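Visitor: Build the full structure now, drawing on both the sequences and the hints.
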Amino acid sequence: MLAIENYLIVSAILFSIGTIGVLTKRNAIVIFMCVEMMLNAVNLTFIAFSRHLGNIDGQVFVFFVMTVAAAEAAVGLALMIAFFKNRESIDVEDINLLKL
Amino acid sequence: MESLFFLVVAAVAIISSILVVTCKNPINSALSLVMTFFCLATFYVMLDAPFMAATQVIVYAGAIMVLIIFVIMLLNVRVETVKRGTHAVIAGSAIGLFVLFQTVWFLMKGSMTGQVGTMTKEQIVSVGHVELIGKALFTDFLLPFEVTSVLLLAAIVGAVVLAKKKI
Chain A
20 MLAIENYLIV SAILFSIGTI GVLTKRNAIV IFMCVEMMLN AVNLTFIAFS RHLGNIDGQV
80 FVFFVMTVAA AEAAVGLALM IAFFKNRESI DVEDINLLKL
Chain B
9 MESLFFLVVA AVAIISSILV VTCKNPINSA LSLVMTFFCL ATFYVMLDAP FMAATQVIVY
69 AGAIMVLIIF VIMLLNVRVE TVKRGTHAVI AGSAIGLFVL FQTVWFLMKG SMTGQVGTMT
129 KEQIVSVGHV ELIGKALFTD FLLPFEVTSV LLLAAIVGAV VLAKKKI
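Order-wise, the sequence lines are chains A and B.
If you're matching positions, the first sequence starts at 20 in the working numbering and goes up one per residue.
If you're matching positions, the second sequence starts at 9 in the working numbering and goes up one per residue.
Hints are computed from structural coordinates only; laboratory data are not their basis.
Watch out, some of these pointers could steer you wrong.
Result set (DSS-like, lysine-lysine): computed pairs, CA atoms no more than 25 Å apart in a straight line [claimed, not checked]:
| # | chain 1 | residue 1 | chain 2 | residue 2 |
| --- | --- | --- | --- | --- |
| 1 | B | Lys-32 | A | Lys-104 |
| 2 | B | Lys-129 | B | Lys-143 |
| 3 | A | Lys-104 | A | Lys-118 |
| 4 | A | Lys-104 | B | Lys-172 |
Under 10 Å between C-beta atoms, here's a sample of chain B residues computed to sit facing chain A [claimed, not checked]:
| # | residue |
| --- | --- |
| 5 | Ala-18 |
| 6 | Val-28 |
| 7 | Gln-64 |
| 8 | Ile-72 |
| 9 | Ala-99 |
| 10 | Leu-105 |
| 11 | Val-107 |
| 12 | Phe-109 |
| 13 | Ser-134 |
| 14 | Gly-136 |
| 15 | Leu-140 |
Small disclaimer: the values here were computed from a predicted structure and weren't measured.
Glycine included, every Cβ here is placed at the ideal spot set by N, Cα and C.
Guide: Below, the structure written as structure tokens:
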């Protein structure tokens, strides 16, 4: 078995790329996909530690993260469709209804 | 041999995740993200977690990505126009690189300690991975599991309300 540090470094790189995507992209769906990528990077960390420590709890948490991601996908994409119906755009710079 | 395989899969995962951020067309981003999810499923198999790998492929690469691609097709999103505000891009990249530096630095600085549990590879092989997960889920994590069902119900109701009402 490979050392756990290898998996953790891959996970850190994926998380950072996801962070860069969330902060720099303007298309709401691409931002959403980058959030999914960050969640997956954390899942990889959970499973790597679960294997390293011989403890099943990390994998159960991955199960819960997947559930939350599925709920988030359902609500988030419904929000995007509702926003697109009104504004004909899903650019995050147009999402300013709450701006003072 | 295992480390060579790991390096190939890690390279594919990182390149496809960079493509998610750099592609102009959201469909290409979504397909690159599917590739990243498959690479992560491969990692889960390498870490002796075959059930989580199957769940990853079915839930993420199957259900969630189909939903995302469906919405992209439905909204007919245009290719992203030329970026305004390159300052924001530079600042965002700087913050992302800082996060990477910080995580790798803490990783190199510390050592992996912790209480070692009972799940050995022999136990996974003899009892079975699905049985171990199910036992943990329905004994120690029964309350969070039930809360999860309430969360999914709330998400379903929220999606129906958003799709129905004029907002």
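Visitor: Next, verify each hint and record whether it holds.
Guide: Right, here's what the structure says about each hint:
For the given pair, Lys-32 (chain B) sits about 23 Å from Lys-104 (chain A) by alpha-carbon distance, which is consistent with the 25 Å threshold. Our distance criterion of 25 Å between C-alpha atoms is met by Lys-129 (chain B) and Lys-143 (chain B), whose separation comes to about 17 Å. Annotation: proposed proximity of Lys-104 (chain A) to Lys-118 (chain A) holds, straight-line Cα distance about 20 Å (limit 25 Å). A distance of roughly 12 Å separates the Cα atoms of Lys-104 (chain A) and Lys-172 (chain B); the hinted pair therefore holds under the 25 Å criterion.
A cut of 10 Å between beta carbons decides the hint on Ala-18 (chain B): the least distance to chain A is about 5 Å, and the hint holds. Among the interface hints, the one on Val-28 (chain B) holds; its C-beta lies about 6 Å from the nearest C-beta in chain A, closer than the 10 Å criterion. For Gln-64 (chain B), the shortest C-beta to C-beta distance to chain A is roughly 8 Å, which falls under 10 Å, so the interface hint holds. Here the hint on Ile-72 (chain B) is kept, as its CB sits about 5 Å from the closest CB of chain A, short of 10 Å.
Nearest Cβ of chain A to the Cβ of Ala-99 (chain B): about 7 Å, under the 10 Å cut. The hint holds. A least Cβ separation of about 7 Å between Leu-105 (chain B) and chain A falls short of the 10 Å threshold, and the interface hint therefore holds. Hint status for Val-107 (chain B): holds, given a least beta-carbon distance of 5 Å to chain A, under 10 Å. Interface restraint check: Phe-109 (chain B) against chain A, minimum CB-CB distance 9 Å, threshold 10 Å, status holds.
With its C-beta approaching chain A no nearer than about 14 Å, Ser-134 (chain B) sits outside the 10 Å limit, and its interface hint is violated. Proximity of Gly-136 (chain B) to chain A is violated relative to the hint, the smallest CB-CB distance being about 12 Å (cut-off 10 Å). At its closest, the beta carbon of Leu-140 (chain B) sits 5 Å from a beta carbon of chain A; the interface hint therefore holds under the 10 Å criterion.
Checked against the numbered hints above, the structure violates hints 13, 14; every other hint is satisfied.
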